[in-house]
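Novice: If you want the building blocks of each chain, they are given just below.
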Amino acid sequence: MNTCKVASPLVASAELPKSPEGDPVFAEPWQASAFAMTVRLHEKGVFSWPEWAEALSAELYKPGRKADASDYFDCWVAALSRLVTELSIVSGGELEHLTERWQRAAEATPHGHPILIENDPLR
Amino acid sequence: MSKHHHGHDHHDHDHHHDNHFTDMEARVKALETVLTEKGLIDPAAIDAIVETYETKIGPRNGARVVAKAWVDPEFADLLKRDATAAIASLGYTGRQGEHMRAVFNTADTHNLVVCTLCSCYPWSVLGLPPVWYKAPPYRSRAVIDPRGVLAEFGLTLSDETRIRVWDSTAELRYLVVPERPAGTDGLGEEQLADLVTRDAMIGTGLALSVEALR
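If you read the protein sequences in the order shown, they are chains A and B. Heads up: the first sequence begins at 1 in this note's numbering, then just goes up one per residue. Heads up: the second sequence begins at 124 in this note's numbering, then just goes up one per residue.
So that you can see chain A by itself, here it is in the shape it has in the complex (with noise of 0.2 Å):
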């Protein structure tokens, strides 16, 4: 149906989720998300093909993944988060400092009203 595809070599990711029409399925937003995003840093020249190839494949076959394959995408951030991280674009606190912000934002934000990580009443 939809004809205006991301012609991303990132859609051949080891294990990706597919459609029967090819197209990567998302079971949540954030994961659409996170394919995007690493489709933008791959387009940019941030990572080459086989550095994410690498990173997501260290994640996907480490022990303890769920067997339905659930966590795939979770699998996907961490990839990414450690690329980023060894890439020295930002460091591991803090990536977990922000993630805490946005969490903390999330909860202090009222219904009807956007997300923002400036409702984070820590700051």
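Check before you lean on any hint, since a few could be wrong.
Stated by the list, open to error - Only pairs whose alpha carbons sit at most 20 Å apart, straight line, appear in this in silico DMTMM-like list of lysine to aspartate or glutamate: (1) K257/B / E294/B; (2) K18/A / D71/A; (3) K18/A / E28/A; (4) K161/B / E94/A; (5) K161/B / E118/A; (6) K161/B / E96/A; (7) K161/B / E86/A; (8) K44/A / D170/B; (9) K257/B / E118/A; (10) K191/B / E313/B; (11) K44/A / E160/B; (12) K18/A / E174/B; (13) K191/B / D308/B; (14) K44/A / E86/A; (15) K44/A / D165/B; (16) K203/B / E302/B; (17) K66/A / D146/B; (18) K161/B / E15/A; (19) K18/A / E177/B; (20) K62/A / D74/A; (21) K257/B / E28/A.
Simulated from the structure, these hints should not be mistaken for lab results. The model shown is predicted, which means the values in this text are computed figures rather than measured ones.
Using the hints provided, position chain B relative to the given structure of chain A.
Specialist: Below, chain B alone, put in the same frame as chain A:
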């Protein structure tokens, strides 16, 4: 929800549980924040990529709910009275235990849902909202001039059609049940569900005609 001990108008109570991010949601937002700050990604470009997959996100269970309501009057009746129970009876439960209400379009009434600003939008039922739908100007304009907004999205309703705008609250989210298109008597539930678009379920469109599917 245990904190609601008296009737209220949905606005002035404890907002503690309105919004919540799972660990993964927060983590992805954190990545987005830092990568944007460093100038490596642009949120508009990310939205554009996500938009190309918009119809591939979430289970869109609502389409099956609507199709069942079209063919099964008993189910339609339950959906009208207790949408949460009706939707759950098909095995679909919202991640946040969403309390749903179904609003039915009729020959003279069209329903339109607003509010997707926060995390309460029931995407597992309706599919992901379009990017424009989340913009604050849309929200206010939809309330003031729903007919004009709908016309912009290519849905021109006759002057006789009454438009009801539903603003979802933290406790209650809406599903629009569009009218069953003409000429669909021979179709089964599966095929009927294909006619029920995300836009039809938020009220910015109608169910597709059979011709549109071909």
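Novice: All the hints need checking, so say for each whether the structure fits it.
Specialist: Hint by hint, here is what the structure shows:
1. At roughly 19 Å between alpha-carbon atoms, K257/B and E294/B fall within 20 Å of each other, so this suggested pair holds.
2. Restraint check: the Cα-Cα separation between K18/A and D71/A comes to about 15 Å, which is no more than 20 Å; the hinted pair holds.
3. Using a Cα cut-off of 20 Å, the hinted pair K18/A and E28/A holds, with the two alpha carbons roughly 14 Å apart.
4. For the given pair, K161/B sits about 13 Å from E94/A by alpha-carbon distance, which is consistent with the 20 Å threshold.
5. Proposed proximity of K161/B and E118/A is supported: the alpha carbons are some 18 Å apart, at most 20 Å.
6. A C-alpha spacing of about 17 Å is found between K161/B and E96/A, which places the hinted pair at or below 20 Å, so the restraint holds.
7. For the hint linking K161/B to E86/A, the alpha-carbon distance of about 15 Å falls within 20 Å, and the restraint holds.
8. Restraint check for K44/A and D170/B: the C-alpha separation of about 16 Å stays at or below 20 Å, so the hint holds.
9. Simply put, K257/B and E118/A have alpha-carbon atoms about 18 Å apart, close enough for the 20 Å limit, and the pair holds.
10. Of the supplied pair hints, the one linking K191/B and E313/B holds, its CA atoms being roughly 9 Å apart against a limit of 20 Å.
11. Between the alpha carbons of K44/A and E160/B the distance comes to roughly 15 Å, so the proposed pair stays at or under 20 Å and holds.
12. For the hint pairing K18/A with E174/B, the CA-to-CA distance comes to about 16 Å; that is within 20 Å, so the pair holds.
13. At most 20 Å may separate the alpha-carbon atoms for a hinted pair to count; K191/B and D308/B meet this at roughly 13 Å.
14. Proposed proximity of K44/A and E86/A is supported: the alpha carbons are some 17 Å apart, at most 20 Å.
15. For the given pair, K44/A sits about 11 Å from D165/B by alpha-carbon distance, which is consistent with the 20 Å threshold.
16. The hinted pair formed by K203/B and E302/B meets the criterion: a straight-line CA distance of about 14 Å does not exceed 20 Å.
17. The suggested pairing of K66/A with D146/B holds, with an alpha-carbon distance near 17 Å, which does not exceed 20 Å.
18. The suggested pairing of K161/B with E15/A is violated, with an alpha-carbon distance near 30 Å, which exceeds 20 Å.
19. The straight-line distance between the Cα atoms of K18/A and E177/B is roughly 14 Å, inside the 20 Å bound, and the hint therefore holds.
20. Proximity of K62/A to D74/A is assessed by CA-CA distance (about 12 Å); at most 20 Å being required, the pair is judged to hold.
21. Taking the CA atoms of K257/B and E28/A, the gap is about 17 Å. The hint holds against a cut of 20 Å.
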